[in-house]
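*Asks:* Protein chains in written order, with numbering that gives the first Met the number 0: chain P, 0 to 299; chain V, 0 to 306.
FYI, nobody ran anything at the bench for these hints, they're computed from the structure. Please read these numbers as outputs of a predicted model, since none were measured by experiment. Treat the hints with caution; some may be incorrect.
In silico DMTMM-like pairs for lysine to aspartate or glutamate, Cα to Cα no more than 25 Å straight-line [to be verified]:
#1 V/K266 to P/D244
#2 V/K164 to V/D51
#3 P/K213 to P/E191
#4 V/K58 to V/E200
#5 P/K148 to V/E200
#6 V/K58 to V/D37
#7 V/K58 to V/D254
#8 V/K4 to P/E120
#9 P/K148 to P/D244
#10 V/K58 to V/E273
#11 P/K148 to V/E60
#12 V/K4 to P/E243
#13 V/K4 to P/E191
#14 P/K148 to V/D163
#15 V/K215 to V/E200
#16 P/K148 to P/E76
#17 V/K164 to V/D254
#18 V/K58 to V/D149
#19 V/K4 to V/D249
#20 V/K266 to V/E200
#21 V/K164 to V/D37
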Amino acid sequence: MATQTPAKAETAQPDPPRTPDAPRVEGRVMNVFSQAFLWLWAVMVIVPVAWIVLTSFKSAREIAVDPLGLPETPRWENYVNAWTNGHIGGYFLNTLQVMVFSVFGTMLLGAMAAYVLARYEFRGNRLLYFMFAGGMMFPVFLALFPLFKTLQNVGLLNTYPGLVIVYIAYSLPFTVFFLTAFFRTLPTGVAEAALIDGAGHYRLFFQVMLPMAKPGLIAITIFNIIGQWNQFLLPLVLLSRNPEDAVISQGLANLALRQGYEGDPGALFAGTVLAMVPIFLAYVIFQRQIQAGLTAGAIK
Amino acid sequence: MRHGKYPFILSFLALPVGLYAWLVILPFAQAFQISLTDWSGSSNQFNYIGLDNYVNLFKDENLVMPAIRHTAIIVVALPVITIALGLFFAFMLNIGGRSRQGRIEGVRGARFHKIVYFFPQVLSVAIVGILWQQVYAPQNFGGLITGTLDLFGLPAPVNGFLADKRFVLVSVIAVLVWSSVGFYLVFFSSAMASIPRDLYEAGIIDGAGRIQTFFKITLPLLWDSVQTAWIYLSIVALDVFVLVYMMTPDRGGPDSASEVVGGVIWKYAFNNGEQAFASALGVVLFFAALTLAVVSLRFGRREQIEY
Numbered sequence: 000m001a002t003q004t005p006a007k008a009e010t011a012q013p014d015p016p017r018t019p020d021a022p023r024v025e026g027r028v029m030n031v032f033s034q035a036f037l038w039l040w041a042v043m044v045i046v047p048v049a050w051i052v053l054t055s056f057k058s059a060r061e062i063a064v065d066p067l068g069l070p071e072t073p074r075w076e077n078y079v080n081a082w083t084n085g086h087i088g089g090y091f092l093n094t095l096q097v098m099v100f101s102v103f104g105t106m107l108l109g110a111m112a113a114y115v116l117a118r119y120e121f122r123g124n125r126l127l128y129f130m131f132a133g134g135m136m137f138p139v140f141l142a143l144f145p146l147f148k149t150l151q152n153v154g155l156l157n158t159y160p161g162l163v164i165v166y167i168a169y170s171l172p173f174t175v176f177f178l179t180a181f182f183r184t185l186p187t188g189v190a191e192a193a194l195i196d197g198a199g200h201y202r203l204f205f206q207v208m209l210p211m212a213k214p215g216l217i218a219i220t221i222f223n224i225i226g227q228w229n230q231f232l233l234p235l236v237l238l239s240r241n242p243e244d245a246v247i248s249q250g251l252a253n254l255a256l257r258q259g260y261e262g263d264p265g266a267l268f269a270g271t272v273l274a275m276v277p278i279f280l281a282y283v284i285f286q287r288q289i290q291a292g293l294t295a296g297a298i299k
Numbered sequence: 000m001r002h003g004k005y006p007f008i009l010s011f012l013a014l015p016v017g018l019y020a021w022l023v024i025l026p027f028a029q030a031f032q033i034s035l036t037d038w039s040g041s042s043n044q045f046n047y048i049g050l051d052n053y054v055n056l057f058k059d060e061n062l063v064m065p066a067i068r069h070t071a072i073i074v075v076a077l078p079v080i081t082i083a084l085g086l087f088f089a090f091m092l093n094i095g096g097r098s099r100q101g102r103i104e105g106v107r108g109a110r111f112h113k114i115v116y117f118f119p120q121v122l123s124v125a126i127v128g129i130l131w132q133q134v135y136a137p138q139n140f141g142g143l144i145t146g147t148l149d150l151f152g153l154p155a156p157v158n159g160f161l162a163d164k165r166f167v168l169v170s171v172i173a174v175l176v177w178s179s180v181g182f183y184l185v186f187f188s189s190a191m192a193s194i195p196r197d198l199y200e201a202g203i204i205d206g207a208g209r210i211q212t213f214f215k216i217t218l219p220l221l222w223d224s225v226q227t228a229w230i231y232l233s234i235v236a237l238d239v240f241v242l243v244y245m246m247t248p249d250r251g252g253p254d255s256a257s258e259v260v261g262g263v264i265w266k267y268a269f270n271n272g273e274q275a276f277a278s279a280l281g282v283v284l285f286f287a288a289l290t291l292a293v294v295s296l297r298f299g300r301r302e303q304i305e306y
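One chain only, chain P, in its complex shape (with noise of 0.2 Å):
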């Protein structure tokens, strides 16, 4: 759970009196490879995605001719192209649409059976738990037909209803796997008390547990945000009739597609920078309980 970031490191301290000795000398000639190769890797991220941005305010001719200079006004009509022809507005709120019921329905049953399966002692217990957990292993393009058959028989194919319940069910596995590991990690002092006072199980479930469950909570609500937001491939097959209703990943898909011929790069770029900006906010203002949250479940 605990990510550990160490600020120390950069309250800079004075260095002890160096002596020449020949750890010393080692120690500093790693310490300038390191360090470059550090800042190599930071510039390797920084720079491609600073440039899209740069890029983004570029007109067609420019971004093909002068790749690595500026702009020379910068287009924020753009922006306008992409938020307005290139829907990413509406591809926006679409993507709320959804997820308002696919992440609050994928805590809830996650939750729910993650408590049971973790406090309760009942025969096939066990199973049911590496049925779900086992559920990280399967390929998904293996289940995509059967599940587009599957929705189309029950009318539930190109509609938001359907994508919310398959968005669920895909995020069980993990949920389910890190939510049990969490849940047994609780005190049972607490719930015994409470079952003591005359709490009914369900009771003991909303109102204590689960704000005792809060850190794992938001860890893998983040978790799912992140992970329902990216979702490419299951929109892709399950949501594809009609452009208009596509969620934020596959409407900038079908924006790269068309690009190719309407010849507008500048507005993909920027529509792609769009797509960035509230993930890249959510991640400067959370990073570490994205950190925490990303990586917690393969720690426990």
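Given the structure of chain P, go ahead and fit chain V onto it with the hints provided.
*Replies:* Structure of chain V alone, referenced to chain P:
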């Protein structure tokens, strides 16, 4: 605790288990069944043809065999490079700073590096694909790398990196590494944080250099995490497809030079209307993932070191 236990369990499990069984387990089971038929996917008619699909898979030199070879390359390259870089960075950022006044610390700016490195992990594959497609683009489309090479008077592939058979697969792997390193850096960092500091201090007193410290103290104690990372990355590598779909010409081209197993499944299922064949390949992929996980758990097992 006894009374009302079973109705409660049932009421809590019914919905999640039902949904999961209906939308995850059942489709996967159906895929296994479909793989034994000759179903095209569009009609309602099909015959059971046993394992014919599986036999034919390995005769397909156009798509399947190149895809298997490329996926095998990715399954080896992605975990090796990502774990090596992740461990190196995690070590430098957490321990590599060496003792300042006797305390073990990371190098300066460790927090900044962690934030930056991890960022690609939260970007969607669609964004990463569009971003890198432009970075790799040919010069007359304004590619970043080709443009930079030209600036220094160096030769660059005329059609960009993705339209060049020699570079396309390496380019895809580079993007995969680019986006995963940050995750494993943070993952290994958390594991390193749980190693008691006095072990390092003891090592320093005994005169261990940084390289020795890493191989003699950090790596052995991190073995479990490395193994977990290996399994994760192998599964990711087997499932590589969306990036190829987004970035490469013909979704696996040029000339099948970046064809991967996931992409071939996609092509057979949704372009060629050969559901059964696609499912058979998917089943093979599933067992490959299972085998990889079991093998790395069995043979990666080392003595547990308690600390």
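*Asks:* Which numbered hints are broken by the structure, listed smallest first?
*Replies:* Result: hints 2, 4, 5, 11, 12, 14, 16, 18, 19, 20 and 21 break, sorted rising.
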